[in-house]
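Chemist: My request is simple: use the sequences and hints to build the entire structure.
Just so you know, the sequences run in chain order A and B.
Mapping the first sequence onto numbering that gives the first Met the number 0, position 17 (from 1) lands on 16, and the numbers just tick up by one.
Mapping the second sequence onto numbering that gives the first Met the number 0, position 241 (from 1) lands on 240, and the numbers just tick up by one.
Calculated from the structure, these hints are not laboratory results.
Keep in mind that the hints are not guaranteed to be accurate.
Unchecked claim - Estimated spans, in silico, between C-beta atoms of each pair:
#1 B:Arg77 <-> A:Gln103: 40 to 48 Å
#2 A:Ile143 <-> B:Phe165: 33 to 41 Å
#3 B:Phe253 <-> A:Asp97: 21 to 29 Å
#4 A:Ser120 <-> B:Leu74: 38 to 46 Å
#5 B:Ile54 <-> A:Asp48: 35 to 43 Å
#6 B:Thr123 <-> A:Ala19: 34 to 42 Å
#7 A:Phe132 <-> B:Ile54: 40 to 48 Å
#8 B:Phe165 <-> A:Trp123: 19 to 27 Å
#9 B:Ala19 <-> A:Gly51: 58 to 66 Å
#10 B:Leu244 <-> A:Thr25: 43 to 51 Å
#11 B:Phe253 <-> A:Lys145: 35 to 43 Å
#12 B:Asn193 <-> A:Ala19: 15 to 23 Å
Stated by the list, open to error - Take a look, some chain A residues computed to stay more than 10 Å from chain B by CB distance:
#13 Gly51
#14 Asp78
#15 Ala81
#16 Lys145
Just so it is clear, the structure is predicted and the values come from calculations on it, not from any experiment.
Note that beta-carbon positions come from the ideal geometry of N, C-alpha and C, so glycine has one too.
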Amino acid sequence: MRPNRALEIGTGLFVLLGFAALFFLTTQLPGSGIQVGGPAGYSVTARFDNVGDLKAGSPVTMAGVRIGRVAGIAFDPTDFKAVVTLDIDRRYDTIPDDSDASIQTAGLLGGKYVGIGPGGSDTWLHDGSTIEFTQSAIVLESLINKFFANFAGSRSSNDAPAAKEDATP
Amino acid sequence: MSVVPARDGPITTILRRIGAVVVFLASILAQCVPALARPRLIVHQIYNAGARSLIIIMLCGLFVGMVLGLQGFDLLQRFGSEDALGVAAALGLLKELGPVVTALLFAGRAGTALTSEIGLMRATDQLTAMQMMAADPMRLIVAPRFLGGVVAMPLLVAIFNMIGLFGAQLVGVQLMGVDTGAFWSQMQAAVELNDVQEGFIKSVVFGTACSLVAVYEGYHTEPTAAGVGLATTRTVVTSSVLTLLLDYILTAAFL
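Modeler: What follows is the structure, given as structure tokens:
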């Protein structure tokens with residue numbers, strides 16, 4: 000068969016496209032790779048005792064409105080805390096620097112996000128500053144554990160005298 | 000031994016057909032290595048099976064992804080977890096919809112073309128003529144077409160998945176207002192390499208099955224005009240059923 004330029008270009012294009020798609024699916028889909036949007040704002044760090052399943056890319060909100068996203072999460076081995084880098088939109092540059100950050104859950108099954116509550120200071124957060132007041136993620140399992148521990152404790156203290164009464168006669 | 004051959008019952012017919020397909024697969028595989036000596040033939044078939052199916056695959060991928068975004072959003076919204084839309088769309092596409100829908104489209108688009116092409120060669124005695132010239136049609140006609148289909152299929156599935164994800168993102172994020180970061184970050188957190196691998200293995204198996212059925216039906220066409228039509232129909236029916244059957248078996252094996 001004689002060489003056919005268009006055919007070979009078409010095939011090459013198809014194979015290249017296919018492998019590019021395959022490459023994307025295998026490398027970018029699992030794990031964290033894509034940067035959605037750019038670093039469009041200034042970064043602020045916050046230290047949490049526990050970030051739960053907060054992920055890089057999760058939203059950062061204030062009064063329920065998204066003002067940025069989580070740029071990265073790292074672990075600090077000196078004080079055993081999670082260092083969360085927040086990328087906040089430049090438009091919102093008048094957030095008081097004594098604001099507090101808490102990790103919250105969207106809905107019962109939804110993802111985690113960082114909610115920022117405003118403070119009362121006259122100085123603003125700027126690039127590189129740290130949010131001092133943080134509240135960790137509520138881990139549902141430990142909450143349930145605590146509840147059942149209390150529940151069982153109160154039950155057994157109620158039951159104990161009753162059992163004694165039954166036993167004495 | 001009687002002169003009149005024994006008539007096959009329905010079960011024997013099915014068994015014979017399965018046996019014939021397996022024997023045919025073995026003889027193709029035996030010719031695959033010699034067929035590699037003529038890469039241009041295979042490239043031509045990758046073009047026929049792959050590049051020419053690209054438009055329909057991309058179009059269908061877009062719509063499947065968009066519908067997935069719409070339906071997934073409606074379903075997840077009832078549980079208040081629209082953020083998981085990315086995960087639902089990605090896993091649905093990678094593991095099921097991508098390989099299966101692409102295989103069904105492949106059977107309809109490329110499989111029928113293969114069958115009718117080879118079938119017409121059979122009907123017009125071109126295959127016999129090649130054998131008379133000591134040119135093995137298995138090596139020159141069948142093996143390159145089979146290999147072309149096997150190579151093209153996983154690439155088509157990958158493209159389908161990409162476009163599908165784009166479609167789901169289009170509807171979920173742009174139209175329905177799911178947060179972009181949540182869409183991608185939850186997807187990346189939940190999808191594992193195993194899921195991608197499962198889809199890839201499925202696509203290779205479906206590609207092999209669909210290509211095999213297409214070349215088998217073409218090669219064994221009854222050499223009449225009606226025979227070619229019948230063979231083409233049988234390609235679509237057999238490929239589709241086989242794809243869905245294999246899909247169930249593979250899914251059960253992977254879970």
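Chemist: Look at each hint and say if it fits the structure.
Modeler: How the hints compare with the structure:
{"no.": "1", "hint": "B:Arg77 <-> A:Gln103: 40 to 48 Å", "result": "21 Å, violated"}
{"no.": "2", "hint": "A:Ile143 <-> B:Phe165: 33 to 41 Å", "result": "40 Å, holds"}
{"no.": "3", "hint": "B:Phe253 <-> A:Asp97: 21 to 29 Å", "result": "52 Å, violated"}
{"no.": "4", "hint": "A:Ser120 <-> B:Leu74: 38 to 46 Å", "result": "44 Å, holds"}
{"no.": "5", "hint": "B:Ile54 <-> A:Asp48: 35 to 43 Å", "result": "54 Å, violated"}
{"no.": "6", "hint": "B:Thr123 <-> A:Ala19: 34 to 42 Å", "result": "40 Å, holds"}
{"no.": "7", "hint": "A:Phe132 <-> B:Ile54: 40 to 48 Å", "result": "56 Å, violated"}
{"no.": "8", "hint": "B:Phe165 <-> A:Trp123: 19 to 27 Å", "result": "39 Å, violated"}
{"no.": "9", "hint": "B:Ala19 <-> A:Gly51: 58 to 66 Å", "result": "59 Å, holds"}
{"no.": "10", "hint": "B:Leu244 <-> A:Thr25: 43 to 51 Å", "result": "27 Å, violated"}
{"no.": "11", "hint": "B:Phe253 <-> A:Lys145: 35 to 43 Å", "result": "39 Å, holds"}
{"no.": "12", "hint": "B:Asn193 <-> A:Ala19: 15 to 23 Å", "result": "22 Å, holds"}
{"no.": "13", "hint": "Gly51", "result": "12 Å, holds"}
{"no.": "14", "hint": "Asp78", "result": "26 Å, holds"}
{"no.": "15", "hint": "Ala81", "result": "16 Å, holds"}
{"no.": "16", "hint": "Lys145", "result": "24 Å, holds"}
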